[in-house]
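Per UniProt numbering, the sequence shown runs over residues 1 to 317.
All clues given are correct.
20 Å max Cα-Cα, derived PhoX-like pairs, lysine-lysine:
| id | residue 1 | residue 2 |
| --- | --- | --- |
| 1 | K191 | K163 |
| 2 | K228 | K181 |
| 3 | K72 | K109 |
| 4 | K191 | K181 |
| 5 | K228 | K191 |
| 6 | K120 | K28 |
| 7 | K72 | K143 |
| 8 | K32 | K120 |
| 9 | K163 | K228 |
| 10 | K143 | K109 |
Keep in mind the hints are simulated off the structure, nothing from the lab.
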Amino acid sequence: MSLSAPETASILRYEEMVGSHFFYPTEKCNGKGEFIESATFNVAGYDWTIQFYPNGDTRAEEGHTSIYLHLKSEVAQNVLAQPTFVILNQNEQLLSAYRAAEVYTFMGKTDSIGFINFVKRSAIESGLMDDCILIRCIVTVFKPLLVKADLGYHIPVPPSEFKQQIISLLENGNGADVTFKVNGRTFNAHKFILAARSQVFESLFFGPCKEESDTVIEIEDIEAPVFKSLLHFIYSDTVPEFEERDDSKNNHNSKLMAQRLLVAADRYGLEGLKMTCEMILYGRMDSSNVVEQRVNLSIQKQLIQLIFDLKKIVSSI
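All chains should be modelled from the sequences, with the hints used to inform the complete structure.
In structure tokens, the structure reads:
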């Protein structure tokens with residue numbers, strides 16, 4: 001007679017932990033291979049520093065700077081991390097930004113990853129004001145989580161239909177009690193749902209200065225597709241499918257949509273939507289597009305502040 005052992009399984013998942021550090025390299029380095037090191041900062045329980053070579057390290061091409069993320073902690077096991085380096089001038093205007101192409105495995109103390117030929121020094125100097133630059137290093141650490149799976153019998157629970165039922169209210173307009181007019185288009189919605197999701201709408205509909213008879217509201221400075229996406233998020237807690245497009249043309253269009261939707265989300269106090277747009281823009285950020293944001297200056301100022309405020313993203317991962 002043979003006895004069978006119970007079936008078991010495990011799932012390896014990774015928890016992403018994000019932190020960042022500002023560094024003002026005020027010291028002077030005249031020679032190649034000389035670097036300025038930041039103060040030690042901690043992300044995900046590990047100590048790090050930034051090493052910046054104004055004239056490049058010994059392997060760099062002439063005229064280039066070099067930059068590295070340096071692990072300072074003694075570690076019992078390998079650390080998986082991916083850095084992003086951002087250079088701003090003293091007015092926090094973006095000069096350059098690069099994200100490591102792959103997640104790097106730090107083997108132990110003194111290990112580092114970065115860019116040998118980071119940015120040409122002439123490119124940095126052309127955007128400087130009073131010779132002052134600000135370096136921000138955004139570190140994403142991937143911590144493994146081993147989860148045991150129970151293969152025993154479970155009673156299947158059907159997926160909830162609640163979200164789709166709420167979305168259908170927006171789509172069919174049943175019970176709508178407010179109409180928005182946006183660039184010639186109209187959108188019917190429900191005051192209680194909007195107020196529950198946004199303090200701005202709550203003040204508009206139920207605050208001390210509310211207009212009892214105001215059932216038609218004109219919206220300015222927001223495009224109709226953007227406002228439609230805003231309503232979609234309020235009712236579904238998800239963004240439309242524009243974030244999934246991959247070809248270059250649609251990628252460009254989706255980036256513009258995410259930029260405009262981010263500004264609209266900030267206007268109506270939708271923190272979850274802001275974080276989602278930040279993640280979409282952050283995922284599309286590289287050396288070819290991060291500097292040339294084709295938006296007006298007021299939007300660009302908000303993007304610089306919001307895109308790189310990644311501490312907020314931790315709670316949404």
